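J.: The lines below spell out each chain.
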Amino acid sequence: MNSKSLVSISDIGRDEIMSLLDSARRFEENPNRRLLEGRVVATLFFEPSTRTRLSFETAVNRLGGRVIGFSDANTTSSSKGETLKDTIKMVSNYVDIIIMRHYLEGAARYASEVTDIPVINAGDGANQHPSQTMLDLYSIYKTQGTLENLTITLVGDLKYGRTVHSLLMAMRYFNPTFRFVACEELGMPKEYKIFCDENGIRYTEHRDFSPEVINTSDIIYMTRVQRERFADIMEYERVKDLYNLNSAMLTDARPNMRILHPLPRVNEIAQDVDDNPHAYYFEQARNGLYARQAIICRALGIEA
Amino acid sequence: MTVSKQELAVAALRNGTVIDHIPSASLFKAVRILGIENLTGAVTIGYNLDSKKLGTKGIIKAADVFFPESTLNRIALIAPSAVVNIIRDYEVVEKFPVSLPDTIVGIVKCGNPKCITNNEPMRTRFHVINRDDVTISCHYCSQVVKSIDAKII
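From first to last, the protein sequence lines are chains A and B.
Going by my numbering, the first sequence opens with residue 39, and the numbers climb by one from there.
Going by my numbering, the second sequence opens with residue 2, and the numbers climb by one from there.
It cannot be assumed that every hint is accurate.
Some but not every residue of chain A turned toward chain B, in silico, with C-beta under 8 Å [claimed, not checked]:
| # | residue |
| --- | --- |
| 1 | T121 |
| 2 | K123 |
| 3 | D124 |
| 4 | Y148 |
| 5 | N165 |
Here are the simulated lysine-lysine pairs, DSS-like style, with alpha carbons at most 25 Å apart [stated by the list, open to error]:
| # | chain 1 | residue 1 | chain 2 | residue 2 |
| --- | --- | --- | --- | --- |
| 6 | A | K123 | B | K115 |
| 7 | B | K54 | A | K228 |
| 8 | B | K30 | B | K54 |
| 9 | B | K115 | A | K197 |
| 10 | B | K96 | B | K115 |
| 11 | A | K228 | B | K147 |
| 12 | A | K42 | A | K118 |
| 13 | B | K110 | A | K123 |
| 14 | A | K228 | B | K115 |
| 15 | B | K54 | B | K147 |
| 16 | A | K197 | B | K110 |
| 17 | A | K278 | A | K231 |
| 18 | A | K127 | B | K30 |
| 19 | B | K110 | B | K147 |
| 20 | A | K231 | B | K54 |
| 21 | B | K110 | A | K228 |
| 22 | B | K147 | A | K118 |
| 23 | B | K115 | B | K152 |
| 24 | B | K147 | A | K197 |
Which stretches of chain B does chain A cover? Using the computed rule of at least three CB atoms under 8 Å from a CB of chain A, they are [to be verified]:
| # | region |
| --- | --- |
| 25 | 93-103 |
| 26 | 112-124 |
Just so you know, the hints here were simulated from the structure itself, not pulled from any lab data.
Quick caveat, the model's predicted, so the values are computed rather than measured.
Just so you know, even glycine gets a beta-carbon here, dropped at the ideal spot from N, CA and C.
Could you put together the complete structure from these sequences and hints?
T.: Rendered as structure tokens:
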């Protein structure tokens with residue numbers, strides 16, 4: 039196993055997070071440096087994800103590296119019954135680093151154990167998506183000037199949302215105050231509340247996405263409430279619009295407050311928010327490029 | 002009289018290993034984990050015996066077998082209060098409790114159908130995250146389960 043793999047955000051500590059953020063900042067200043075010249079990167083997407091894959095591939099291309107891979111397991115030997123282990127071992131012969139997305143949880147962890155080259159987890163089922171967390175952290179860092187002592191409000195699907203779980207865990211080094219805004223059915227799971235208690239993280243829970251909550255937040259992280267997550271459709275119908283955001287709700291927000299969303303957004307953020315200075319979700323997606331360049335260079339031991 | 006009969010019951014082996022204070026509900030899982038079925042020597046298995054500590058208990062007495070400590074500790078997950086007695090010449094020469102290792106490999110099945118361990122030929126691996134209520138988490142998919150709910154392979 040390669041110690042520079044990134045499978046879960048909890049693989050890296052505070053110092054490494056800060057180092058990656060610094061590195062991402064330098065990549066934002068100049069994303070086109072030929073640091074990956076002569077390197078080949080595999081993007082193995084066993085489950086399609088155009089946005090993440092394009093982001094990683096752009097990251098490599100802009101640094102002068104070459105990409106091989108696939109975007110759908112149906113076209114690969116997996117459909118012939120080849121084990122994940124065999125696929126990973128085979129690809130490891132050709133490339134310097136593997137970036138993989140898989141529909142099964144733990145797939146990236148297992149892959150990192152069967153090969154000596156670094157593995158970057160681009161999403162494993164409902165489990166981890168550490169590059170998303172890094173770009174979220176970078177976005178917060180950029181817009182607030184710091185990660186310390188912030189009030190971060192998480193809204194929507196806090197039960198199944200892997201991005202909010204990951205962000206919660208990564209923020210533990212930085213003394214945050216969290217607000218959890220969700221309906222009862224999609225509330226923050228108990229194990230994460232225990233995590234907060236064990237790590238001295240303050241949090242409050244709210245059913246209402248109220249002006250009071252909005253106006254005291256530094257960051258509002260929106261997530262989509264999905265119909266499929268509800269056992270009771272009547273409950274979904276009742277709550278589906280309770281956690282939507284529109285421009286009128288932002289009139290008394292703090293000037294530094296920014297709205298993040300892992301995207302794609304449906305109707306949880308109204309179109310009229312897009313031109314509001316608090317909206318940051320598209321820049322957030324662009325930050326993914328820089329965060330991923332930083333992650334790849336760290337994994338290959340390249341100073342950036 | 003009952004007390005000394007119990008004592009005799011434990012020491013009746015000439016040489017071998019006695020594992021005592023196994024909760025009745027876990028006895029057969031412990032038998033499976035220890036691979037008792039593959040032993041050739043005489044084995045006595047007691048089930049639903051009276052126990053001051055546990056109410057009812059199970060007991061395994063294997064003649065002429067001495068298990069490695071790591072094997073014995075594999076039952077700690079489902080029988081945390083089990084006590085091992087090493088018998089030589091009818092005497093209990095060593096007596097120690099099983100101790101739960103930090104990592105449990107290959108015994109517990111992950112309950113998550115979307116875990117890689119249920120879809121690929123590989124061993125499971127769990128970390129003990131709470132020793133008091135014996136909660137374990139899957140090394141691969143992070144799902145948490147209490148040991149009493151754990152499925153033994």
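J.: All hints, please: hold or fail.
T.: Results for each hint:
| no. | hint | result |
| --- | --- | --- |
| 1 | T121 | holds, 6 Å |
| 2 | K123 | holds, 7 Å |
| 3 | D124 | violated, 10 Å |
| 4 | Y148 | holds, 5 Å |
| 5 | N165 | holds, 6 Å |
| 6 | A:K123 x B:K115 | holds, 17 Å |
| 7 | B:K54 x A:K228 | violated, 32 Å |
| 8 | B:K30 x B:K54 | holds, 20 Å |
| 9 | B:K115 x A:K197 | holds, 17 Å |
| 10 | B:K96 x B:K115 | violated, 42 Å |
| 11 | A:K228 x B:K147 | holds, 14 Å |
| 12 | A:K42 x A:K118 | violated, 31 Å |
| 13 | B:K110 x A:K123 | holds, 19 Å |
| 14 | A:K228 x B:K115 | holds, 21 Å |
| 15 | B:K54 x B:K147 | holds, 22 Å |
| 16 | A:K197 x B:K110 | holds, 24 Å |
| 17 | A:K278 x A:K231 | holds, 24 Å |
| 18 | A:K127 x B:K30 | violated, 36 Å |
| 19 | B:K110 x B:K147 | holds, 12 Å |
| 20 | A:K231 x B:K54 | violated, 35 Å |
| 21 | B:K110 x A:K228 | holds, 23 Å |
| 22 | B:K147 x A:K118 | violated, 37 Å |
| 23 | B:K115 x B:K152 | holds, 16 Å |
| 24 | B:K147 x A:K197 | holds, 20 Å |
| 25 | 93-103 | violated (count 0) |
| 26 | 112-124 | holds (count 9) |
Hint violations for this structure: numbers 3, 7, 10, 12, 18, 20, 22, 25, all remaining hints satisfied.
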